[in-house]
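Protein chains in written order, with our numbering: chain A, 5 to 236; chain B, 5 to 236.
One should not assume that every hint holds.
One copy or two, it doesn't matter: identical chains are merged, so the pair holds either way.
Unchecked claim - With a straight-line Cα cutoff of 27 Å, these simulated DSS-like cross-link-like pairs (lysine-lysine) come out: (1) Lys-136 / Lys-90; (2) Lys-119 / Lys-61; (3) Lys-136 / Lys-119; (4) Lys-61 / Lys-164.
Treat the hints as calculated values from the structure; they're not laboratory data.
Protein chains: 2
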Amino acid sequence: MNLFYVKPGDVQGKSIVIDGQEAIHISKVLRYSEGDQVIVTDGLGNEYDCKIINVKKKSVYLEIVNSERHTETNPKITLCMGIIKKRDRLEFAVEKAVELGVSKIVLFEGEHSQKGRVREDRLESTVVSAMKQSLRFFLPEVFVEKNISDAVSKHAENTKFILADETVAKSDRDKKGQPSELFLMVGPEGGFSSSEREYLKNFNPTFYSLGGHRLRAETAAIVMVDRFVRLQ
Amino acid sequence: MNLFYVKPGDVQGKSIVIDGQEAIHISKVLRYSEGDQVIVTDGLGNEYDCKIINVKKKSVYLEIVNSERHTETNPKITLCMGIIKKRDRLEFAVEKAVELGVSKIVLFEGEHSQKGRVREDRLESTVVSAMKQSLRFFLPEVFVEKNISDAVSKHAENTKFILADETVAKSDRDKKGQPSELFLMVGPEGGFSSSEREYLKNFNPTFYSLGGHRLRAETAAIVMVDRFVRLQ
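Chain A with its partners taken away, still in its complex shape (with noise of 0.2 Å):
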């Protein structure tokens, strides 16, 4: 099954236009034609069965058959990690996030990090891919914020922040009911600065251990999403 995605704008009614590399996808590389089935979705929540009505060079004609309304998972998940300099290994992180089942990706330069220049758009084409990878029909935002305190201050309020830490042995122990929000900190690699950590405290976190052996970033970031999604 393939899943594919149109900004909120290009659905019109009961048609949809599909443009650009998503439509030479479709016609030269899936060759489907008119009359195929498709289903499409616009990252919103809306799932939409469609018929395929013209197929032009650079663009899709549809038709809206049926279409379905889902519901975003709770709590809703925030991923905030640091930035990770190796492109891959960013992306990575993202991607596996993006499956598992995050609703946003907060970047974040840390004080420690290594300076490594971020291509938002590439990693915006990762979240669709992995979008319709998994067969979500919500497009998870991306974040890329300057420091630690910004990430924080515009993305974790009204949520539950947890912060996941090498130095604690065992995991805060927690039964205060399902939050709506969960807000997943992982550290960047080179961890993170005392004024960093000074900064974190006052938003009194639940810390978090993710146990064993030395983790890499974008280990740590995977595992704790898988983990945390696991919970709902």
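Use these hints to put chain B onto chain A, whose structure you have.
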């Protein structure tokens, strides 16, 4: 903390000689010199705390100051998965499985797999660096088998066989106590063929649902290993 790896034969009484790339890394990149302390493992569970005696261009001579014998976690986990055609995804799965704690990795060519050549030398160096990175003292072995029946018949004996299966909604209940070895199998890209499915039934595996979204092969492998390592 840096951990270095030598082949068991490179440990002679109280002396260790590190050669090749690892020696160049110590002398040129880390710029260690006589008197510095390093930690070395032979991948067989031995941790050697050493002092550098002499640094030559391509060899570093060490004296063992102290040694410790680690015991392997129980149960030992084998990850068995189809070969992933894209090399970076395959190497990523192998790296993460080692970081998270597997003892053995068995790769096989599925009937529905797209053919891809496996660079065993690259996989071995991936395994060594992941072991060092995660501060483990046991070097997992990697086996590449030509089909599923070789993979299972050679490696699943005397293990508890757990099969990740997209087609089951819930995992089998299982309370039969602690087995000493787990054999975790993840289906190949493209899924099992019907003859592969029939073959697997002979082994009466426990079916395990990864749940939720459709996962790529490498994601399934990573989260499955993480979940079973944590049950230990």
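Status of the hints after comparison with the structure:
no.	hint	verdict
1	Lys-136 / Lys-90	both (24 Å within a copy, 19 Å between copies)
2	Lys-119 / Lys-61	neither (42 Å within a copy, 31 Å between copies)
3	Lys-136 / Lys-119	between (31 Å within a copy, 24 Å between copies)
4	Lys-61 / Lys-164	neither (48 Å within a copy, 53 Å between copies)
Checked against the numbered hints above, the structure breaks hints 2 and 4 and satisfies the rest.
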